[in-house]
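Line by line, the protein sequences are chains A and B.
One gets the working numbering by counting positions in the first sequence from 1 and adding 127 to each.
One gets the working numbering by counting positions in the second sequence from 1 and adding 33 to each.
Hints in this document: simulated from the structure, not taken from any laboratory.
Check the hints yourself; a few may be wrong.
[Claimed, not checked] Derived pair list, reagent style DSS-like, types lysine-lysine, alpha-carbon separation capped at 27 Å:
no., chain 1, residue 1, chain 2, residue 2
1, B, K188, A, K601
2, A, K277, B, K70
3, A, K552, A, K239
4, A, K590, B, K70
5, B, K70, A, K593
6, A, K339, A, K260
7, B, K318, A, K590
8, B, K188, A, K586
9, A, K339, A, K601
10, A, K277, A, K260
11, A, K292, A, K528
12, B, K70, A, K603
Computed from a predicted model, the values in this text were never measured in an experiment.
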Amino acid sequence: MQPTQGKIRFSTALLSVMLVSSMALTACGSSNDNANNSNTANTANNASGNTANTGADNGTDAAANDGSTNTAVPAEKVTVEFWANKFEATTDAWFKKWVDAFNKSQDQVEVKLQIVPGDAWAQKLKAAQAADKAPDFYTMNYGGIANAAKLAQIQPLNDLIDGAKFDDLYDNIKDFVSVGDKYYAYPMLVEPSAVLYYRKDLYEAAGLDPEKPPATWDELIENGKKLTQKGIFGLATGQTAPDLGWSSWGLQYGAAGHLALTDDWSKADIMNDGYRAVVNFYADAFKSGIMPKQALSGYPDIAPFGQGKVAQAINGSWAIGQLRNDFKNLVDKVGVAPMPTQTGDPSATTATLGGWTLVVDGKSKHPKEAATFIGYLLGGEADVMIDFFKTSQFSKFSPRKSVDEAMKSDPAASQDAWRALIAEKVIPFSKAEPIYPWDVSIAVSTAIESAMKGTDPEKALQKAEKDINDFIAKSKLAGTNPKAAQ
Amino acid sequence: MFKKNYRQDNGVAYLLLAPIVILLTIFVVIPFFYSLKVSFYNWSFYQPSVFVGFDNFKFVLEDDLFLNSVWVGIKFTLMVVPASMVVSFLFANVIKGMRRGSASFVKTSIYIPTIISGIVASVIFVFIYDYMGGLANYVLGWFGSEPRAWLADVKTALPSIAVPAIWLGFGLTTLIMLAGLHDIPESYYEAADLEGAGPWQKMLYITVPLMKNIVLYLTVTGFTGAISQYELSLVMTGGGPLDTTTTPNLYILNHFRNDVMVGNSIAASLLLFVVLGSISAIIFKVLNSEKAIDG
């Protein structure tokens, strides 16, 4: 007897050891595996946690209705999940404010808002989609719409949102959100990706005319040289491949007259003087010593300029909001001008128009309700959107005619000189962001970055051309441009 | 009697094995075979998946960036593993010679980086490497040197990321080394003293050979740990400049985030698994593990 007991005691001990070790093992497994697994698990948990909650809500409602399980109950609120990218704090607050207002205004639909940080967005959404827990509607930028529509990831909105709301859009914006004869998204704003910000006081100190911003790339670099001193750099712009990938589109357009692919997406179109000029501009600017060797911030963040470490910065129109909200003392000294062009021709493109929209997920179970809210928020009363443009300090622009009309009677908006300058001198010459896959853009920007770091520009471009053509062949991209296919 | 006991043992054994077998099945075996299947498809969440045969694998193998990322991973490992071995070996020897109280103080202090997450470490080191006002450039400034763009320069980016990796790992490695050192019977050293051996000879003929299994273990775990590192480059450089810090797992993560179809990143994971497995096998082969003489 004795030994058996001993054995059992030993075995229970062993059992617990094994349990613990197996847990440790699985834990190791997930952390070792890679980012996806552990993060996926987390986000999947989050997502399912949320839906479990909403499910429970519905469940109790249904139970209250004598156990009859679902849909036919008229008074039951439909819950739709809404994921918004994390933007400026003012935008996040605006989303929350109007979601609450909408939820209070009626008893049919309950919108649940979740704000997701940008760097977690792609992973979180992928994981939710894989687990069939994607939100009903979410933010998407213009560049993603055509491809998402092609893959049925988002639904057409023609039957979900009143056609008059689409008629209110500017014609070029209509094109941004439609594929074929269908609208796949409702736009929220447009913003040009490149505007020049410069310090008037430093211009004067360096003997430059603060009312005469540079018109050509050469002038920009020359001014930069005069402005560079200890602790202050002459120029800040995108300088890593991921930032350059999108911030240089406007310059590519302006110098070459087109972007990196032929219209039918069958091959790269970058071995020309326009593209050579763009690559050389960045390489010259970097090598002239007026830019920091390491970017002081990511392209969309103008904080180093606001902190006085930079005398000229190229940034999107959104930087106006950041300057006015975070660096109030500096605003008087800041000059705003269109981004210089290669030749000084003010009508050449230097910026692309990007911006955000709301889309309804392809698998959403309540597309009608989701679209109702989108129509309310983005396409409804002009007040809602004016509130948004006000909180963003007029650094973004309306895709809707009626909102612009209403804003004319708003004194703050009508007297804003920066807003007027961008509306008159930047936006009319801006082009839409490209919709081709990111791999193409990053190949071009990798060429730019390698030229900045010393590779021969011609060789860098040749490599980019080869990479793009390889990518086209491998992913069978030729002839798949959804915009050209019509 | 014997037979009965025998049967009972079997039952208990299966019972004991059950939890780990079930957990391994759920978390390792099933996902592995599922991913094997998915790697042959264009896997989309919104449309029916399409069977594409070996296309995903071909896609990955023909991608210069993937091969580059494996090479980056190997270079990174070659910086991290030997360096952390040497540093921990030195630390372990120093600690072994210390008095009890101070030894435990040092042990605790060097273990602290181990419990700091990779993300926090990355953020700390981003500040250290900051171009304007970072500690590293501040120290360089004492010697009148120009500030360096540690993380943005093609030459220094990868070594700059290897430093926090070593810092994160060496506490644990040191403790394991120390345990190994304590395991070597003192009598060996006493005998060597009698024979008139100096410190170098003792180290070369007693310590190093008896640490072989520890070194083997640390090499294999260090290798897999270092080559699957991705948080450091994700946070500190985002894989740049010019992909010089894109490790294999960061490559996979980027594809998972950006690609419309998922097959590509899964194929890359499986290929990485093959690479890791074969290199580990080579290490085992070269550094044959043997039972210590002392047992």
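Original post:
When you check the alpha-carbon spacing of K277 (chain A) and K260 (chain A), does it fall within 27 Å?
Top reply: holds, 21 Å
**OP:** Given the hint that K70 (chain B) pairs with K593 (chain A), test it: the Cα-Cα distance must not exceed 27 Å.
**Re:** violated, 32 Å
Original post:
Given the hint that K339 (chain A) pairs with K601 (chain A), does the C-alpha gap stay at or below 27 Å?
Top reply: violated, 49 Å
Original post:
Under the criterion that the straight-line Cα-Cα distance not exceed 27 Å, is the pair K277 (chain A), K70 (chain B) satisfied?
Top reply: With a Cα-Cα distance of about 25 Å, the restraint between K277 (chain A) and K70 (chain B) holds, given a limit of 27 Å.
**OP:** With a cut-off of 27 Å on the C-alpha distance, tell me whether K70 (chain B) and K603 (chain A) pass.
**Re:** OK: K70 (chain B) and K603 (chain A) at ~22 Å, within 27 Å.
Subject >> Given hint K586 (chain A) paired with K188 (chain B) - CA-CA distance at most 27 Å >> reply: holds, 20 Å
Original post:
Is the straight-line distance between the alpha-carbon of K318 (chain B) and that of K590 (chain A) 27 Å or less?
Top reply: violated, 40 Å
Original post:
Quick one, are K188 (chain B) and K601 (chain A) close enough, alpha carbons at most 27 Å?
Top reply: The given pair, whose Cα atoms are some 31 Å apart, is violated under the 27 Å limit.
**OP:** Given the hint that K292 (chain A) pairs with K528 (chain A), test it: the Cα-Cα distance must not exceed 27 Å.
**Re:** With a Cα-Cα distance of about 10 Å, the restraint between K292 (chain A) and K528 (chain A) holds, given a limit of 27 Å.
Original post:
CA of K552 (chain A) to CA of K239 (chain A), is that 27 Å or under?
Top reply: violated, 39 Å
Original post:
Hey, K339 (chain A) versus K260 (chain A), does the alpha-carbon distance stay inside 27 Å?
Top reply: Distance ~54 Å between K339 (chain A) and K260 (chain A) Cα, so the pair is violated.
Original post:
Under the criterion that the straight-line Cα-Cα distance not exceed 27 Å, is the pair K590 (chain A), K70 (chain B) satisfied?
Top reply: Cα-Cα ~34 Å, so violated.
In this structure, the hints that do not hold are numbers 1, 3, 4, 5, 6, 7, 9, in rising order.
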